[in-house]
Amino acid sequence: MAKEEIINTTSTEVEQKQYTTLNLGPTHPATHGIFQNVLTMDGEVIIHSEPTIGYIHRAFEKLSERRPFNQITPITDRMNYCSAPINNIGWHMTVEKLINAEIPKRVQYLRVIIMELARISDHLICNTVIGVDTGALTGFVYLFQFRELIYEIYEEICGARLTTNIGRIGGFERDFSDKAWAKIDKFLKEYPQALKEFENLVKRNRIFMDRTIGAGPITAERALSYSFSGPNLRAAGVDYDVRVMNPYSSYEDFDFTIPVGLNGDTYDRFMVRQEEMWQSLSIIRQAIEKLPDGPYFSPNVPDFYLPPKQEVYNNMEALIYHFKIVMGETDVPKGEVYHCVEGGNGELGFYLISDGGRTPYRLHMRRPCFIYYQAYPEMIKGTNISDAILTMSSMNVIAGELDA
Amino acid sequence: MDSTVQEKIVSIIKEKFEGEILSVETPYDFLTINLKKENIVEIIQYLYDHSEAKFQYLTTLCGIHYPEAGQIAIMYQLHSLVNNWRIRLKIFLPAENPVTPTLTTVFAGANWMERETYDFFGVKFTGHPDLRRILNVEDMIIHPLRKEYPLEDQTREDKKDYMFGR
Chain R
1 MAKEEIINTT
11 STEVEQKQYT
21 TLNLGPTHPA
31 THGIFQNVLT
41 MDGEVIIHSE
51 PTIGYIHRAF
61 EKLSERRPFN
71 QITPITDRMN
81 YCSAPINNIG
91 WHMTVEKLIN
101 AEIPKRVQYL
111 RVIIMELARI
121 SDHLICNTVI
131 GVDTGALTGF
141 VYLFQFRELI
151 YEIYEEICGA
161 RLTTNIGRIG
171 GFERDFSDKA
181 WAKIDKFLKE
191 YPQALKEFEN
201 LVKRNRIFMD
211 RTIGAGPITA
221 ERALSYSFSG
231 PNLRAAGVDY
241 DVRVMNPYSS
251 YEDFDFTIPV
261 GLNGDTYDRF
271 MVRQEEMWQS
281 LSIIRQAIEK
291 LPDGPYFSPN
301 VPDFYLPPKQ
311 EVYNNMEALI
321 YHFKIVMGET
331 DVPKGEVYHC
341 VEGGNGELGF
351 YLISDGGRTP
361 YRLHMRRPCF
371 IYYQAYPEMI
381 KGTNISDAIL
391 TMSSMNVIAG
401 ELDA
Chain G
1 MDSTVQEKIV
11 SIIKEKFEGE
21 ILSVETPYDF
31 LTINLKKENI
41 VEIIQYLYDH
51 SEAKFQYLTT
61 LCGIHYPEAG
71 QIAIMYQLHS
81 LVNNWRIRLK
91 IFLPAENPVT
101 PTLTTVFAGA
111 NWMERETYDF
121 FGVKFTGHPD
131 LRRILNVEDM
141 IIHPLRKEYP
151 LEDQTREDKK
161 DYMFGR
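Here the protein sequences line up with chains R and G, keeping their order.
The numbering of the first sequence is UniProt numbering, which starts it at 1 and goes up by one.
The numbering of the second sequence is UniProt numbering, which starts it at 1 and goes up by one.
Keep in mind the hints are simulated off the structure, nothing from the lab.
We put the beta carbon where it would ideally sit given N, CA and C, even for glycine.
Nothing false has been slipped in among the hints.
List time: in silico SDA-like cross-link candidates among lysine to any residue, alpha-carbon distance up to 20 Å: (1) Lys290/R x Tyr248/R; (2) Lys147/G x Gly335/R; (3) Lys90/G x Glu7/G; (4) Lys37/G x Thr100/G; (5) Lys36/G x Ile12/G; (6) Lys62/R x Gly335/R; (7) Lys183/R x Tyr142/R; (8) Lys54/G x Asn246/R; (9) Lys334/R x Glu25/G; (10) Lys37/G x Gln71/G; (11) Lys324/R x Gly165/G; (12) Lys124/G x Met140/G; (13) Lys381/R x Gln18/R; (14) Lys334/R x Ile64/G; (15) Lys381/R x Gln36/R; (16) Lys62/R x Pro67/G; (17) Lys97/R x Phe30/G; (18) Lys62/R x Ile141/G; (19) Lys147/G x Glu65/R; (20) Lys62/R x Lys160/G; (21) Lys381/R x Thr52/R; (22) Lys62/R x Ile64/G; (23) Lys334/R x Val24/G; (24) Lys160/G x Gly356/R; (25) Lys160/G x Thr330/R; (26) Lys159/G x Glu329/R; (27) Lys90/G x Lys147/G; (28) Lys159/G x Thr330/R; (29) Lys147/G x Arg58/R.
Covered stretches of chain R (chain G as the covering partner; in silico rule of three or more C-beta atoms under 8 Å from a C-beta of chain G): (30) 53 to 59; (31) 62 to 68; (32) 219 to 226; (33) 238 to 251; (34) 334 to 341; (35) 345 to 355.
Using the sequences and the hints, build the whole thing.
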């Protein structure tokens, strides 16, 4: 059957014919996460697919309604766990917007460094996994050691690796140590070389190109209708990036380009992510170069930023603030804010309604994965199963973000 | 977004839907328009088609429960990518029987967002192609994000507010 013919097949026709039903997932090594797709197949061609999600739903929005603001940060870790610091910092900035906190320039630059490192680690996994799904395991194994380096940098800064809980409302818990800077330097020195090698292996590889070009395409029009964002939207040719559209955390100070694709297929998504990694590296270098002096936290938010331990032991006010914060007893102003950051997968938004209490009245998280994954059945209609697997890995669907 | 732009957007809506606007707020400089619930899809379609406004991107959609007022609000956040304008539209539905027409006719992406809102708030979107629960199990009988379902066991005494001097 020709592809157009398959796309135009109505559901009653599907019922009349004999098709194979295949369960892809919920736990399947090729889906890279826990979600199920019931595929209706004609031979190897997918006629229809029915996604089921929610296997790891953990009620984040409900949980947030009972937690003080600083205790919500660890929840955000568990959304897109491949780039947890972006979620953390996005949440911190949402609260800072609500309480009108002035954040020092140095903190903003340090945040940019961390967020761009997180973006690299996110895209690195996604792109190497596309390689794995096309049969190129080498790149994955080779580049994974650099994710390890990024995790070591996180570890040096906040003590955690995967679910980072990095920083606090108002800044970082400590300034970057010399060891952290040394590790960042090491990463910046070694990673471009390895990335280049990976790119050379894959980018113009005939097998890789044949497998990915034209696999799971989406037009810009459909992508916008489906509210796509991030690399998947840009691969379809729309240059929407929150970092440029609504700059936060001083992104306007840096010089970088937004790569866009043309066809919105797997190859374009791969290439957009690849180029974004180069851009991220350049942003990190610029941020280090321009890094201003100053405090690593905002002194204007004592209600939210834990005072240094020495202060707590010697100063009554600091002790009071310490207890207030730890017990989650700080009230915030009434209001509703929306703040979005460019996450690894796209526009990660926090819509926060506060009634003036110690917890949010309502917190809605705009999770890019959840929104664009609904286009998946449309994108894989008429392709075969190996392309469907590739499409899924190139969309970078992260179960944690999907199910909240 | 500066106030002239905000006034402009409000006037664009007023051109055709003068009587639909309940109130206009700008919390944290974000234009929020509370609307009557009847013609919400027409208004969004109008903003989508409008030659200048071009609100052609649905950023997000969610429910908010206000038990005292007996209302469930639906918040639609639209983004005009061409102008970089963001607005929030809100409608208020009665909490006992929240029914509103679906937005899937305008945005394909509204599908799962509405399913999520149905799942968590019980809002029925008429005309929705596939209104089922999405994140929770099918046989769940409650809509968990409503405020009448508290997060913790209510028989517990050790976490009551007076224990903390509140």
